[in-house]
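Residue numbers (this note's numbering), protein chains in the order written: chain A, 1 to 118; chain B, 1 to 118.
Simulated from the structure, these hints should not be mistaken for lab results. No experiment lies behind these values; they were computed from the predicted model shown. C-beta atoms are modelled at their ideal positions from N, C-alpha and C, and glycine is treated no differently. Treat the hints loosely; a few may be bogus.
Label pairs and their in silico Cβ distance ranges [to be verified]: (1) P48/A with R45/B: 45 to 53 Å; (2) F73/B with K70/A: 31 to 39 Å; (3) Q44/B with L76/A: 31 to 39 Å; (4) P7/B with K8/A: 25 to 33 Å; (5) S90/B with Q57/A: 28 to 36 Å; (6) F73/B with T60/A: 23 to 31 Å; (7) K79/A with V71/B: 55 to 63 Å; (8) R35/A with P93/B: 43 to 51 Å; (9) I72/B with I6/A: 30 to 38 Å; (10) L92/B with T60/A: 29 to 37 Å; (11) C12/B with E81/A: 23 to 31 Å; (12) G36/A with P77/B: 33 to 41 Å; (13) T85/A with K70/B: 37 to 45 Å; (14) I72/A with Q44/B: 28 to 36 Å.
A few chain A residues facing chain B, derived, Cβ under 7 Å [what the hints assert, rightly or not]: (15) E42; (16) I72; (17) T103; (18) Y105; (19) L106.
There are 2 protein chains.
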Amino acid sequence: MSDRKIPKDLDCGMAMIMEIIGGKWKPCLIHNISRGYKRPSELQRLNPKATRRVLYQQLTELEGYGIIEKVIFPVLPPKVEYSLTSLGMSLLPVIRVMDDWGTQYLENPGQHPTLKTA
Amino acid sequence: MSDRKIPKDLDCGMAMIMEIIGGKWKPCLIHNISRGYKRPSELQRLNPKATRRVLYQQLTELEGYGIIEKVIFPVLPPKVEYSLTSLGMSLLPVIRVMDDWGTQYLENPGQHPTLKTA
DNA sequence: AGCTATAGGGATAATTTTAGCCCTATGCTA
DNA sequence: TAGCATAGGGCTAAAATTATCCCTATAGCT
Numbered sequence: 001m002s003d004r005k006i007p008k009d010l011d012c013g014m015a016m017i018m019e020i021i022g023g024k025w026k027p028c029l030i031h032n033i034s035r036g037y038k039r040p041s042e043l044q045r046l047n048p049k050a051t052r053r054v055l056y057q058q059l060t061e062l063e064g065y066g067i068i069e070k071v072i073f074p075v076l077p078p079k080v081e082y083s084l085t086s087l088g089m090s091l092l093p094v095i096r097v098m099d100d101w102g103t104q105y106l107e108n109p110g111q112h113p114t115l116k117t118a
Numbered sequence: 001m002s003d004r005k006i007p008k009d010l011d012c013g014m015a016m017i018m019e020i021i022g023g024k025w026k027p028c029l030i031h032n033i034s035r036g037y038k039r040p041s042e043l044q045r046l047n048p049k050a051t052r053r054v055l056y057q058q059l060t061e062l063e064g065y066g067i068i069e070k071v072i073f074p075v076l077p078p079k080v081e082y083s084l085t086s087l088g089m090s091l092l093p094v095i096r097v098m099d100d101w102g103t104q105y106l107e108n109p110g111q112h113p114t115l116k117t118a
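Please build the complete structure, drawing on both the sequences and the hints.
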């Protein structure tokens, strides 16, 4: 995440938003958090196919871009809560439009010639 | 593109649209084609940082998902033209919303705490 | 003859992303 | 005491994506 060999050029808006939400689990995380699931352990249970590690990484990236906010409670066992910032909330309609289009695509077989889902 | 070790699960719409437009150059290609640039050589000139190979690969994927259509003219030297299908056109507003959000993000510095663009 | 341009695609290397381990610490409960 | 849950993060391996090279073929131009 720090020393890339090939620099990213976030030249256009498209590249920028892809950088922000393009991770494998990021849209899921944003969606989950927007629905009130705040704690890492909850998010992990909601995405059992992802490892804790990756979720943590992608949460950190989202936090870095100002999409979510993190509150650490100084208790034991540790407690952490994430929530969407206003910037993060402004992303919700975008994600919704994307998801809607994708859902339409999925529901409409015959449109996708070589869909080898596996 | 054929034998992946880890199967993709295109379970939700979000995963589906990411699979379709998630490639590094795909949004650019769709955008370019929507603006009337049809031939591979044109697209290549418009995206000089991408290699011919990658553009060709991503065009093939877009074609496979029914986003663009390819017409091969049986002439020499070879001539090929791509165009958006109606499905591809239905994607334009989605891409536009995404690009708009990203552009807003770029234009609004201070929103992004740890943006290490490099 | 040697150069250009055109488009396709094989083979492999480089790079980035994701997965899968490990270990830290503490308080609770069986 | 042993096991569980909680959250963070180092380290390495696996997998996926992109980049970079190679070659095919033909027509036109100098």
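Hint by hint, here is what the structure shows:
1. With their beta carbons about 46 Å apart, P48/A and R45/B fall inside the hinted range of 45 to 53 Å.
2. At roughly 56 Å, the beta-carbon separation of F73/B and K70/A lies outside the given 31 to 39 Å, and the hint is violated.
3. At about 58 Å, the CB distance of Q44/B to L76/A disagrees with the hint of 31 to 39 Å.
4. At about 28 Å, the CB distance of P7/B to K8/A agrees with the hint of 25 to 33 Å.
5. S90/B and Q57/A have their C-beta atoms about 33 Å apart, which keeps the hinted 28 to 36 Å range intact.
6. The hinted window of 23 to 31 Å between F73/B and T60/A is violated, with their beta carbons roughly 50 Å apart.
7. Separation of K79/A from V71/B is about 60 Å and conforms to the stated range, judged on CB atoms against 55 to 63 Å.
8. At about 25 Å, the beta-carbon gap between R35/A and P93/B misses the expected band of 43 to 51 Å.
9. Taking the beta carbon of each, I72/B and I6/A are about 33 Å apart, inside 30 to 38 Å as hinted.
10. A hinted range of 29 to 37 Å for the beta carbons of L92/B and T60/A is consistent with their spacing of about 33 Å.
11. Hint check: C12/B to E81/A, Cβ distance near 25 Å, so the stated range 23 to 31 Å holds.
12. Taking the beta carbon of each, G36/A and P77/B are about 60 Å apart, not inside 33 to 41 Å as hinted.
13. Look at T85/A against K70/B: about 43 Å separates their beta carbons, and that is inside 37 to 45 Å.
14. As the Cβ distance of I72/A to Q44/B is approximately 49 Å, the hint placing it in 28 to 36 Å is violated.
15. Restraint check, E42/A versus chain B: the minimum CB separation of about 18 Å is more than 7 Å; hint violated.
16. Interface hint status for I72/A: violated, as the beta-carbon distance to the closest one in chain B is roughly 16 Å, over 7 Å.
17. About 3 Å separates the beta-carbon of T103/A from the nearest beta-carbon of chain B, less than 7 Å, and the hint is met.
18. For the restraint placing Y105/A at the interface with chain B, the shortest Cβ-Cβ distance is roughly 5 Å, inside the 7 Å limit, so the hint holds.
19. Because the smallest distance between the Cβ of L106/A and any Cβ of chain B comes to about 5 Å, under 7 Å, the interface hint for this residue holds.
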